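Enquirer: Given next are the chains, with one letter for each unit.
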Amino acid sequence: MKAIYKRELQAFFKSPVAYCVVAFFTALLGLNFWYMNLYNGSIEFSNTLAVMTSYLTYFAPFITMRLFADEKKNGTEVLLRTSPISMWQVVLGKYFAAATVFLLMNAVTVVCPVIMALFMNEGGVFPLSMTVGSYIGFILLGLAYLAVGTFASSVTESQTVAALVGVVLLLAITFLETIGYQIQGWIGQALIWVSLSSRYNDFASGLFSITSAIYYISFTVVVLLITIINIERKRWN
Amino acid sequence: MIQIKNLTKNYGKIRALKDVSFDVKRGDVLGFLGPNGAGKSTAMNIITGYLAPTDGKVLIDGEDITENPKLAKSKIGYLPELPPLYGDMTVKEYLNFICDIKNVEGKKRKNMLDDIMYLVKIGDKRDRLVRNLSKGYRQRVGFAQALVGDPPLLILDEPTVGLDPKQVVEFRKIITALGRNHTIILSTHILQEVTAVCNSVVIINNGKLAASGSVADFSSDDGLNRLVVTLDCGRDAGQDALAKVSGVKNCTFSRIEKNCSVFNIISDKNVDVRRQVFRACAENDLPIVEMRPVGKTLEEFFVDVISKDDAGEGGEE
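Sequence order for the protein chains is A and B.
Its first residue numbered 0, the first sequence is counted upward by one per residue in numbering that gives the first Met the number 0.
Its first residue numbered 0, the second sequence is counted upward by one per residue in numbering that gives the first Met the number 0.
What the hints contain is simulated information worked out from the structure, not anything from laboratory work.
Treat the hints with caution; some may be incorrect.
Unchecked claim - Dumping the calculated SDA-like pairs for lysine to any residue here, alpha-carbon to alpha-carbon at most 25 Å: (1) A:LYS233 to B:ASP54; (2) B:LYS101 to A:ARG232; (3) B:LYS109 to A:THR75; (4) B:LYS91 to B:SER133; (5) A:LYS13 to B:ARG130; (6) B:LYS120 to B:ASP99; (7) A:LYS233 to B:LYS109; (8) B:LYS134 to B:GLU92; (9) B:LYS12 to A:ILE228; (10) B:LYS74 to B:THR7; (11) B:LYS74 to A:TYR57; (12) B:LYS56 to A:ILE227; (13) B:LYS207 to B:GLY55; (14) A:LYS71 to A:TYR57; (15) B:LYS120 to B:GLY105; (16) B:LYS207 to B:VAL302; (17) A:LYS72 to B:GLY36; (18) B:LYS107 to B:ASP149; (19) B:LYS165 to B:GLY135; (20) A:LYS71 to B:MET88; (21) B:LYS120 to B:THR89; (22) A:LYS72 to B:ASP87; (23) B:LYS74 to B:GLY178; (24) B:LYS17 to A:ARG234; (25) A:LYS5 to B:ASP54; (26) A:LYS5 to A:GLU231; (27) B:LYS207 to B:LEU297; (28) A:LYS5 to B:GLY122.
Every value quoted in this text rests on a predicted model; they were computed, and no experiment measured them.
Just chain A, same shape as in the assembly (with noise of 0.2 Å):
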């Protein structure tokens, strides 16, 4: 698993993918930023953060598009399916690596609430519980995107492919929350609670929900592990 991370990783640097994505994120978020928390005076980041979710449903799939449509389109699929390796350290290896440029993504934005902490009006108490707790909600979330993305990198041999399955997918299951609250009684409330936007709210309002937290987790795990099974079926056609 650890050669595969350290490849992957070093793969996504080699391309400007990488720094392309990580320069457009911060830079939309630093417009959010600059509006939300200093043109209109709000200490709180769980509000930009939230409004950055919507773009994220982007963001992750053009990070894992190449995950494992490249290696298709290369022919190293077999190189991965006949070494002494299993499909869930590949897997867990290339989700990893993308999880790790989707966390220095954030590090760098980390600036935001720094800015604010330091240079806030005398007086003023700077809610470092709640700005963390939505981090964290935040990045969960993401981790979860980015476990989606690695799944719709997996259907197809093309990286454009790749990434337009995974917003459709993404956006998919970001309206289940929309048409959970078109639809009456209880398939509407099991839509909402499945959706994954719906259970970002306690975070957006500067709540830690740890239900939420679970589900996300819980959510990644599922979608990795159809990934792999995804990929182990082809074996048997």
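Add chain B to chain A, keeping to what the hints say.
Expert: Structure of chain B alone, referenced to chain A:
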């Protein structure tokens, strides 16, 4: 070393392999032959663990490839038709990555990689990016990849396709050298290659085993029952003289080549008529430009097996 038992593979309704069984003994260099679409690649993919069989078993050194894949795969070095390379890595980085996924320990690694790079002659390219290498060098890096971890079994899928003639000769030399202490399965379309480096042959046709045996079995023939003789004379003069030679059953004119006539002579098996032909030609003052016996080559044998097999198939349906 390898036991393949009743291997069957279905792709949906299409049956790619039907009940194929054969063994490969330790130290064998096996030529794996068959026309395009015969099921060669499917069989190779199953042996290497890339695909799972619908039915049947593959044992690598006693380990089942589907039940104990890690152990079985660690005994195989596989060079697929398209070498599995990462263009964004240098040769050294790539081979180190292969060491990582094949669990080669750090201490042994440097010596092993130096040896392999020396053997396939890529030492001077170690710091080049794989994507910038020529086709021949990529093939060598792919070959180096198969050798990492010193697996006792090497599976090479058309390793010389796309190489220039000099590289082909070098590659065959390397394969022959490796054959001394490895078991090798070599899939190829080039039958001279099989005659040059292999000691046994398996022929697959329509997903079934069509023939198997040693190369000697397949190309053995005393070679003396057929002769090709080229004489510096006209068609009729040559024909007359050769037909009268004792022992010659049949003499046919084949063609005119550079003002000489080429004849095919068939004699009884185990009767060598070459001396008589020489004397007859000398008496009639017909200079012999060339005389060579033609045996049944592996090529002819291959065509025979495939066409007989296809005919049998047609009869069944």
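Enquirer: Does the alpha-carbon distance linking LYS233 (chain A) and LYS109 (chain B) stay inside the 25 Å limit?
Expert: violated, 36 Å
Enquirer: Is the straight-line distance between the alpha-carbon of LYS5 (chain A) and that of GLY122 (chain B) 25 Å or less?
Expert: holds, 24 Å
Enquirer: Taken at face value, is the distance from the CA of ASP149 (chain B) to the CA of LYS107 (chain B) at most 25 Å?
Expert: Holds, at roughly 11 Å.
Enquirer: Next pair to validate is LYS72 (chain A) with GLY36 (chain B); report whether the Cα-Cα distance is within 25 Å.
Expert: Distance ~22 Å between LYS72 (chain A) and GLY36 (chain B) Cα, so the pair holds.
Enquirer: Could you grab the alpha-carbon distance between LYS101 (chain B) and ARG232 (chain A) and see if it respects the 25 Å cut-off?
Expert: Holds. LYS101 (chain B) to ARG232 (chain A) sits at ~23 Å (cutoff 25 Å).
Enquirer: What's the verdict on LYS165 (chain B) and GLY135 (chain B), does the C-alpha distance respect the 25 Å limit or exceed it?
Expert: Within the cut-off at roughly 10 Å; holds.
Enquirer: Hey, LYS109 (chain B) versus THR75 (chain A), does the alpha-carbon distance stay inside 25 Å?
Expert: holds, 24 Å
Enquirer: If you draw a straight line from the CA of LYS5 (chain A) to the CA of ASP54 (chain B), is it 25 Å or shorter?
Expert: violated, 37 Å
Enquirer: Between LYS207 (chain B) and LEU297 (chain B), is the straight-line Cα distance small enough, at 25 Å or below?
Expert: Holds, at about 19 Å.
Enquirer: LYS134 (chain B) and GLU92 (chain B) were given as a pair; does the straight-line alpha-carbon distance stay at or below 25 Å?
Expert: Between LYS134 (chain B) and GLU92 (chain B) the Cα gap is close to 19 Å, so the pair holds against 25 Å.
Enquirer: Regarding the pair LYS74 (chain B) and THR7 (chain B), is the alpha-carbon distance no greater than 25 Å?
Expert: Since the Cα atoms of LYS74 (chain B) and THR7 (chain B) sit roughly 23 Å apart, the hinted pair holds (cutoff 25 Å).
Enquirer: Does GLY55 (chain B) sit within 25 Å of LYS207 (chain B), going by the straight-line distance between their CA atoms?
Expert: holds, 14 Å
The structure shown violates the earlier hints numbered 7, 11, 25.
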